[in-house]
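Take a look at the letters that make up each chain.
2 protein chains.
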Amino acid sequence: MKRARNFSAGPAILPESVLEKVQSEMLSYRDSGMSVMEMSHRSSLFEEIISDAEQLLRELMNIPEGYKVLFLQGGASLQFSMIPMNLGKGGKVGYINSGSWAKKAISEAKILKVPNMEVLASSEEDNFTYIPEIPETDEAYDYIHITTNNTIEGTAFQTIPRFVNAPIVADMSSNILSNRYDVNDFGLIYAGAQKNIGPAGLTIVIVKEDLIQTENKLPSMLDYRTHIKNDSLYNTPPSFSIYVAKLVFEWLKDLGGVEAMVKMNEEKAGLLYRTIEESDLFSSPVAVNSRSLTNIPFVTGNKDLDAKFVKEATSLGFLNLKGHRSVGGMRASIYNAFPYEGVKELTEFMKAFEAKEGKFK
Amino acid sequence: MKRARNFSAGPAILPESVLEKVQSEMLSYRDSGMSVMEMSHRSSLFEEIISDAEQLLRELMNIPEGYKVLFLQGGASLQFSMIPMNLGKGGKVGYINSGSWAKKAISEAKILKVPNMEVLASSEEDNFTYIPEIPETDEAYDYIHITTNNTIEGTAFQTIPRFVNAPIVADMSSNILSNRYDVNDFGLIYAGAQKNIGPAGLTIVIVKEDLIQTENKLPSMLDYRTHIKNDSLYNTPPSFSIYVAKLVFEWLKDLGGVEAMVKMNEEKAGLLYRTIEESDLFSSPVAVNSRSLTNIPFVTGNKDLDAKFVKEATSLGFLNLKGHRSVGGMRASIYNAFPYEGVKELTEFMKAFEAKEGKFK
Ligand SMILES: Cc1ncc(COP(=O)(O)O)c(C=O)c1O
Ligand SMILES: Cc1ncc(COP(=O)(O)O)c(C=O)c1O
Ligand SMILES: [Mg+2]
Ligand SMILES: [Mg+2]
Ligand SMILES: [Mg+2]
Ligand SMILES: [Mg+2]
Chain A
2 MKRARNFSAG PAILPESVLE KVQSEMLSYR DSGMSVMEMS HRSSLFEEII
52 SDAEQLLREL MNIPEGYKVL FLQGGASLQF SMIPMNLGKG GKVGYINSGS
102 WAKKAISEAK ILKVPNMEVL ASSEEDNFTY IPEIPETDEA YDYIHITTNN
152 TIEGTAFQTI PRFVNAPIVA DMSSNILSNR YDVNDFGLIY AGAQKNIGPA
202 GLTIVIVKED LIQTENKLPS MLDYRTHIKN DSLYNTPPSF SIYVAKLVFE
252 WLKDLGGVEA MVKMNEEKAG LLYRTIEESD LFSSPVAVNS RSLTNIPFVT
302 GNKDLDAKFV KEATSLGFLN LKGHRSVGGM RASIYNAFPY EGVKELTEFM
352 KAFEAKEGKF K
Chain B
2 MKRARNFSAG PAILPESVLE KVQSEMLSYR DSGMSVMEMS HRSSLFEEII
52 SDAEQLLREL MNIPEGYKVL FLQGGASLQF SMIPMNLGKG GKVGYINSGS
102 WAKKAISEAK ILKVPNMEVL ASSEEDNFTY IPEIPETDEA YDYIHITTNN
152 TIEGTAFQTI PRFVNAPIVA DMSSNILSNR YDVNDFGLIY AGAQKNIGPA
202 GLTIVIVKED LIQTENKLPS MLDYRTHIKN DSLYNTPPSF SIYVAKLVFE
252 WLKDLGGVEA MVKMNEEKAG LLYRTIEESD LFSSPVAVNS RSLTNIPFVT
302 GNKDLDAKFV KEATSLGFLN LKGHRSVGGM RASIYNAFPY EGVKELTEFM
352 KAFEAKEGKF K
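From first to last, the protein sequence lines stand for chains A and B. Count along the first sequence from 1, add 1, and you get the number used in our numbering. Count along the second sequence from 1, add 1, and you get the number used in our numbering.
With the rest of the complex left out, here is chain A (with noise of 0.2 Å):
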């Protein structure tokens, strides 16, 4: 069984030996007759699946008492309104433009007429190429929101802004597990599984749990509360995406845990973003001091040979590298399990590519 380069930003590739443990335990997890699918979320068995998942979360992550880890439904997407009605205490709140998901983030805000909202910083002018320099303030916030990494641009904040009176609120769903991150410096920290955690369906929410406000009440689903006084048991959980995650918690911890993995990430995306830098066809869009470990575009600058090379990329197993729609050219997505290897096949490609069709640029 040929398995694929697969360079997709999300869903995406996860390790074979955690894909193997699944389809092992597929008809019956540990002599239960059951798969995980089938379990109550009511059972002992599954109790321990979970509660052996966020452990793992926490010592991987480091995280200290006072944040609650909360597993949820929704995506990163239901993130951006569940934030505000959470945090928001009626004071000022600040959003970063950073990206297109960070723009959406801000819209969401926008429409639950989040009151004195402000946009402390964007790099929207110059289609985030770059993470725009924060002002600093002391000044109270009830949260500032900033996305870490930035998807589909590839770009990421290679320092955490702190301020004296406003909690960071962090966007992690494309680097979370991927960079080196102390989450004391966040008040809350939230990301989507399907880059570097597991399947799609299961959203992760790290909470400081004294920002949460307690002054309106919420729909029970949409209230961070409900899901901390039931240990994200409130109704039922997206189990199965829950197993699968606490298996790469694993395998992520047995390969030597988050320091372990940025040593590999920063030589995946250094040889990639060596061969783009000694490249005369291909380019990065991205500003040398924003760039992200995770997600990196590159183009030629000729959108038929962009065209061209996705086409026979992808002919020789190198999948989903075409860029974004609204950013077109080339993106290579290289999540933590994505192997070395494949990124020097890429390499190796892109050269050969280049010798052939770089004269006709």
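Keep in mind the hints are simulated off the structure, nothing from the lab. Be careful, since some hints might not be right.
The calculated BS3-like cross-link candidates involving lysine-lysine, where the alpha carbons are at most 25 Å apart (straight line), are [unchecked claim]: (1) A:Lys218 <-> B:Lys105; (2) A:Lys114 <-> B:Lys3; (3) B:Lys230 <-> A:Lys104; (4) B:Lys111 <-> B:Lys230; (5) B:Lys90 <-> A:Lys111; (6) A:Lys90 <-> B:Lys90; (7) B:Lys111 <-> A:Lys90; (8) B:Lys230 <-> A:Lys218; (9) A:Lys22 <-> B:Lys3; (10) B:Lys111 <-> A:Lys230; (11) A:Lys90 <-> B:Lys218; (12) A:Lys22 <-> B:Lys230; (13) A:Lys230 <-> B:Lys3; (14) A:Lys230 <-> B:Lys357; (15) B:Lys3 <-> A:Lys218.
Model the placement of chain B with the ligands on the given structure of chain A, informed by the hints.
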């Protein structure tokens, strides 16, 4: 690999052939070199899966034009809030309080301060042991909400009420595709997938498009119009669960569709109800004219004996027979995928247990 007799109320047993298919495609779906878990939801491979899933469901339920089929996240519990948000137009709304889940739907509508809400009928005073009589009305309601099958209490509507000026909204979580229904009798049908359809984390909504309100701007993820406009691909859907659902729909169609399933379910439930009726030890707490085909509670009338029954059953591989904590006793959930043979074995065990323990009642 011995498979359990899994009577779980949800997540629940799935067809063995579906699990085997999922297993065989785990590392490479149709020679793609990718698991469905790893596939971009914008890929043609996945688009085929979701559109096949919709097509199959439309066929199985005979869903008329004018009704949209949505694949959402958040469980049936999130629909308790999305329904009043999306169908409430400021007119009256009615609820039938027929069980614990119906009651939750009511309490979520209250949280939203839905104006003009009326509970039109209730059997709560009698522990929800029957479906309450529903008063006729020709007054206008934005909708009237019913729970076709009350999972916890084991009751089901035997006929769907019809009103001239009030579309019926139905929580069909625990008997969608298990009972015979005419979609035309409903304005909206919703169901969590984890009983009759697939893994938890997927919610099906079938909605008559012209009932949706257009006055209020809602958070995008909570707005049916968002998902209609984007064919359930506004954000990353629970793609793997949709894939499993598709396989379950195929399995169901191969077996002869809902008609065939109803016949099998009547045989399974008939056998169990007969056994309960004929027994001096076991009895059903549910009124004869309100009984569910899919969730069948029974009791000995003696808590210790109930516990003993559940314990011995468990040791013999009859799993998850313990009744819901709010009701006690036993409950056998026998959804579409639960085999007749398993019900037969259970009834034989019940008889053996009665022969041995009946005298201690
Ligand atoms: C940074 C970021 N935020 C949010 C989203 C939206 O996530 P979801 O599809 O889970 O709603 C994505 C999806 O790719 C993303 O990359
Ligand atoms: C009839 C009914 N409605 C709603 C629910 C809640 O569903 P979920 O857990 O998907 O939110 C259930 C769950 O068992 C149910 O049986
Ligand atoms: Mg972006
Ligand atoms: Mg270059
Ligand atoms: Mg109920
Ligand atoms: Mg009896």
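Requested in this report: Please work out if lysine 22 of chain A and lysine 3 of chain B have their alpha carbons no farther apart than 25 Å.
Outcome: 18 Å, holds
Report task. Starting from lysine 90 of chain B, check that the Cα of lysine 111 of chain A is at most 25 Å away, please. Result -> Judged against 25 Å, a Cα distance of about 22 Å means the pair holds.
Requested in this report: Starting from lysine 111 of chain B, check that the Cα of lysine 90 of chain A is at most 25 Å away, please.
Outcome: 22 Å, holds
**Report entry** Satisfaction of hint between lysine 230 of chain A and lysine 111 of chain B, Cα-Cα up to 25 Å
**Finding:** Roughly 21 Å between the alpha carbons, so the hint for lysine 111 of chain B and lysine 230 of chain A holds.
Query - 25 Å limit on alpha-carbon distance, applied to hinted pair lysine 111 of chain B and lysine 230 of chain B - result: Between lysine 111 of chain B and lysine 230 of chain B the Cα gap is close to 29 Å, so the pair fails against 25 Å, i.e. violated.
Query raised in the report: Straight-line Cα separation of lysine 230 of chain B and lysine 104 of chain A no greater than 25 Å?
Result: Roughly 20 Å between the alpha carbons, so the hint for lysine 230 of chain B and lysine 104 of chain A holds.
Report task. Sort out whether lysine 218 of chain B lies within 25 Å of lysine 90 of chain A, counting only the CA atoms. Result -> 21 Å, holds
Requested in this report: Compare the distance between the alpha carbons of lysine 90 of chain A and lysine 90 of chain B with 25 Å, and conclude whether the hinted pair is satisfied.
Outcome: 28 Å, violated
Query raised in the report: For the pair supplied as a hint, lysine 230 of chain B and lysine 218 of chain A, is the alpha-carbon distance within the 25 Å limit?
Result: With Cα atoms ~30 Å apart, lysine 230 of chain B and lysine 218 of chain A exceed 25 Å; violated.
Query raised in the report: lysine 230 of chain A and lysine 3 of chain B: Cα distance at most 25 Å?
Result: 37 Å, violated
Query raised in the report: Is the straight-line distance between the alpha-carbon of lysine 3 of chain B and that of lysine 218 of chain A 25 Å or less?
Result: 47 Å, violated
**Report entry** Restraint status (C-alpha distance of lysine 114 of chain A to lysine 3 of chain B at most 25 Å)
**Finding:** Measuring from Cα to Cα gives roughly 56 Å; hence the hint is violated.
When each numbered hint is compared with the structure, violations occur for hints 2, 4, 6, 8, 12, 13, 14, 15.
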